[in-house]
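First to last, the sequence lines map onto chains A and B. So the first sequence is numbered by this note's numbering: it starts at 93 and just counts up by one. So the second sequence is numbered by this note's numbering: it starts at 93 and just counts up by one.
Rather than coming from a laboratory, the hints here were simulated on the basis of the structure. A virtual CB, placed ideally from N, CA and C, is assigned to each residue, including glycine. Certain hints may be false.
[To be verified] According to the in silico footprint, chain A covers these stretches of chain B (three or more CB under 8 Å from chain A): (1) 205-218; (2) 273-282.
[As the list claims (entries may be wrong)] When the alpha-carbon atoms are kept at most 20 Å apart in a straight line, the in silico EDC-like pairs for lysine to aspartate or glutamate are as follows: (3) A:Lys223 - B:Asp205; (4) A:Lys291 - B:Asp259; (5) B:Lys223 - A:Glu107; (6) A:Lys223 - B:Asp259; (7) A:Lys273 - B:Asp205; (8) B:Lys291 - A:Asp298; (9) B:Lys316 - B:Asp259; (10) A:Lys223 - B:Asp298; (11) A:Lys377 - A:Asp134.
2 protein chains.
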Amino acid sequence: MTLLDGKKILTEIREELSIKVQQYIAQGHRAPCLVAVLVGNDGASQTYVSSKEKNSASCGYQSRILRFDESMSEEELLNEIEKLNQDDTVDGFIVQSPLPSHISAQRIFDAIDPNKDVDGFNTINTGKLTKGMDCFVPATPLGIIELLKRYQIETSGKHCVVIGRSDIVGRPMSILLSLPKAGGNATVTLCHSRTQNLKQFTLQADIVVAALGKPEFLTGDMVKEGAIVIDVGITRIDDPSKKSGFRLSGDVKFDEVAIKCSYITPVPGGVGLMTIASLLQNTMKAYELKLGNNSKKN
Amino acid sequence: MTLLDGKKILTEIREELSIKVQQYIAQGHRAPCLVAVLVGNDGASQTYVSSKEKNSASCGYQSRILRFDESMSEEELLNEIEKLNQDDTVDGFIVQSPLPSHISAQRIFDAIDPNKDVDGFNTINTGKLTKGMDCFVPATPLGIIELLKRYQIETSGKHCVVIGRSDIVGRPMSILLSLPKAGGNATVTLCHSRTQNLKQFTLQADIVVAALGKPEFLTGDMVKEGAIVIDVGITRIDDPSKKSGFRLSGDVKFDEVAIKCSYITPVPGGVGLMTIASLLQNTMKAYELKLGNNSKKN
């Protein structure tokens, strides 16, 4: 069994991006700039956003967090987004979920300039992804494709079973894996809460992507010998023995599944870090897109 | 075995829409209006477009065909589309595929006002479809969902195998069947040219949708007893014994498969006619959308 090491790949990607940033700066350009918008005080969101900022800084990006009170209205947030759309010094930005219930997340995502939408949640990017066009792909499924690629795991002709049909992971994952391009070409089965006899499907899978958000859901008896298992779950479980008061649990019962697998992602240290890596790559993509557009203008 | 009778359902839907049109006209509104744009002289395209026009007229729609020479430039076609977008007397329009090779179909589809995009090929509609939002759904997959609904065939919890990953049929079909809504909630496996051991998948399917465009590809040994088989294929095969010089063949070897099925669509008389039915429904949707928007303005 080989561990798919998100930490190692994130480090590699950060180094690659750092070199690019240095080259661009040497050519007289400014550094790429990523902005994160945070509304309210959700603990996990604070952690994610800080981690994104820290990682951005570590590859030489400019990075900042815009914090707003959770009483902010939808219109006020839309105004802030419009400012970021217009701001030429901002290459990409994200609006951290979850948003307060009085704000429509989809309306917010659709207000983001599709060329700055480094989370890939704008409907236009979703449409392009579905058609296999070049676009900003949501960071988690993109990170999984990248992880498989870096470990030279072929997806073409494989049977992939994706558990979970969320807009941000399961659904785009199922599409990416089946697109007629590198990193795709798999036969994909999308399973979810209405699936009957789920085990019958997972047992057939060459690659299982567990993205349902139920701690330790995927057990050893549900995967075939030699399977590749990708654990997207990252749930906080109360744990008084930890300083933070919680531990992180994946959707996979690691000890049982790992002994049957050829490859598996750990939690933490797997998909979560690849999500950050993809966000950094998407920001570089947005930066280079703008650089290309500006040089065309000149 | 029950035949899923597209002709019967198309007739039902036309009658329902006719009644609606009469009611709207009685209220002082104009009839819905569908325009088809045809570039070049492709024989099959001429047939499809004429059939769409005839069916539109039969439920009281205004309908017209705009014909252009195949030497038309992309820019000229974009200008025509902009005119149709601006024309308040046009509720919906389609640009018949295939287009001449010097014109980018996707650029054309993306130029269509998403609210008049009754074929559902605009990237915004694709994105909305993928997210499960209200939108214009491509007519063929929409017609299949409608056909299953009218025959009270439950999809929730069923295993559906879709063969073919085209943007206009297989891909949106696979998404629709797995969305968390009525007509969806199925476990869906999307198979395609890179799928290995296809038969292993189709043999497990409660519902098979064959949309690969290979005549008589799906044979009796590939489906399980009692399966529901939807045949999307419609290929012209030379046949000198026919007045037209050709016959239409589906993707399913009908005689072999029909005896094992619980339900099956014939070709012709199945999915092809449901595609027309959905186009008529989408046109009514576009009409009512505009009516609602205008009454909001007043």
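Results for each hint:
1. Requiring three or more residues with a Cβ within less than 8 Å of a Cβ of chain A, the coverage given for the stretch 205-218 of chain B holds, as 5 such residues are present.
2. For the stretch 273-282 of chain B, the stated coverage by chain A is satisfied: 6 residues place a CB nearer than 8 Å to a CB of that chain, which reaches the threshold of 3.
3. Proposed proximity of Lys223 (chain A) and Asp205 (chain B) is supported: the alpha carbons are some 18 Å apart, at most 20 Å.
4. For the hint pairing Lys291 (chain A) with Asp259 (chain B), the CA-to-CA distance comes to about 30 Å; that exceeds 20 Å, so the pair is violated.
5. At roughly 35 Å between alpha-carbon atoms, Lys223 (chain B) and Glu107 (chain A) are farther apart than 20 Å, so this suggested pair is violated.
6. Simply put, Lys223 (chain A) and Asp259 (chain B) have alpha-carbon atoms about 6 Å apart, close enough for the 20 Å limit, and the pair holds.
7. For the hint pairing Lys273 (chain A) with Asp205 (chain B), the CA-to-CA distance comes to about 29 Å; that exceeds 20 Å, so the pair is violated.
8. With a C-alpha separation of about 17 Å, the suggested pair Lys291 (chain B) and Asp298 (chain A) falls inside the 20 Å cut-off, and the hint holds.
9. Between Lys316 (chain B) and Asp259 (chain B) the alpha-carbon distance is near 27 Å, which puts this suggested pair outside the 20 Å criterion.
10. Restraint check for Lys223 (chain A) and Asp298 (chain B): not satisfied, since their Cα atoms lie roughly 27 Å apart, outside the 20 Å limit.
11. Our distance criterion of 20 Å between C-alpha atoms is broken by Lys377 (chain A) and Asp134 (chain A), whose separation comes to about 29 Å.
Hints 4, 5, 7, 9, 10 and 11 from the earlier list are contradicted by this structure; the remaining hints agree with it.
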